[in-house]
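A.B. asks: This is what each chain is made of:
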Amino acid sequence: MIDFFLAYIHYPDLFSMFIKLFGIVLSFLFTLYAFVITRQVDVLIKTIQIHDNGILKLASMVQLILSLILLVYSILIL
Amino acid sequence: MPTVYDVNTAQQHRVLHSFCYRPNTRFEEQQDGEKVILVLRAHPITQIPWMLTMLVLACIPLLVNVAIASSLSIVQILFLNVFWYGFVFAYGYLKILDWTFNVGIVTDRRVLDVDYNIIISREVTATTMDDIVDATSLSIGFLPSIFNYGHVTAQTPGTTQGIEFHSVPYPSEVVTIINRFMDNRGRHRHD
Chain W
1 MIDFFLAYIH YPDLFSMFIK LFGIVLSFLF TLYAFVITRQ VDVLIKTIQI
51 HDNGILKLAS MVQLILSLIL LVYSILIL
Chain C
1 MPTVYDVNTA QQHRVLHSFC YRPNTRFEEQ QDGEKVILVL RAHPITQIPW
51 MLTMLVLACI PLLVNVAIAS SLSIVQILFL NVFWYGFVFA YGYLKILDWT
101 FNVGIVTDRR VLDVDYNIII SREVTATTMD DIVDATSLSI GFLPSIFNYG
151 HVTAQTPGTT QGIEFHSVPY PSEVVTIINR FMDNRGRHRH D
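Protein chains in written order, with the numbering used here: chain W, 1 to 78; chain C, 1 to 191.
Derived by calculation from the structure, the hints in this document are not laboratory data. Where is the CB? At the ideal position from N, CA and C, for every residue including glycine. What you were told as hints is all true, and nothing was included just to trick you.
Calculated pairs, SDA-like style, for lysine to any residue (alpha carbon to alpha carbon, straight line, at most 20 Å): (1) K35/C / Q49/W; (2) K46/W / D98/C; (3) K46/W / G33/C; (4) K20/W / S70/C; (5) K57/W / F27/C; (6) K57/W / F89/C; (7) K35/C / I48/W; (8) K46/W / I96/C; (9) K95/C / V62/W; (10) K20/W / L80/C.
What the simulated footprint calls covered on chain W by chain C, stretch by stretch (three residues with Cβ under 8 Å from a Cβ of chain C suffice, anywhere in the stretch; the number is not a length): (11) 19 to 29; (12) 40 to 53; (13) 64 to 78.
Generate coordinates for the entire structure from the input sequences, incorporating the hints supplied.
C.D. replies: Here you go:
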């Protein structure tokens, strides 16, 4: 298990490994936040009717997609 | 000539939807037959500080990239930049949500103050026109005087919590509208 983990992270230095872990944690938290906001916007739009033509919902989806891209990027590429 | 807001006045959305008269809108706590007369938000000029903050935050990578270019790889710098701009976007989006959903509502029966803290809480304070004893507006300062915005307070008797709308446009017009409905309700009570 440890060998597998070490093979996965195959980084030349500790600093790069730190950046990767840092990136994964931050991206995960950002994804969590974006997901909560997306759900919350759905609730808010139902509570008060605003005629925004779905712009707020679209923005929340853009944020969620961006956070997922960052998460994938940090796991696979960083 | 100031606009007169009475029964004959048509639907109006002024100051970037921060002063909506007779808007075609509904809210969760709305009662049957209750008509929305006013929907109020903070004056857009009060949103400028966070926009400037966003602008400054957006410029930070331009300086930081030069400093970190030698110590980080392109892949890492790209990640940091995209993450940073995602963070700036999230900050601005949260502020827009805050402005959009923190509203003051005046209906033909009640006055409501809806306060959202997007992630944590939601508070709706409401009082009926019958319970309001006084409506006052307060506009202090340089910007409020120029852009005509201020606080509106609907006071209720005793220890009951009053309603306060912060930094809304045309505060005196808002008070006039509330007073008109207070008078109407009072007249109905006496008839």
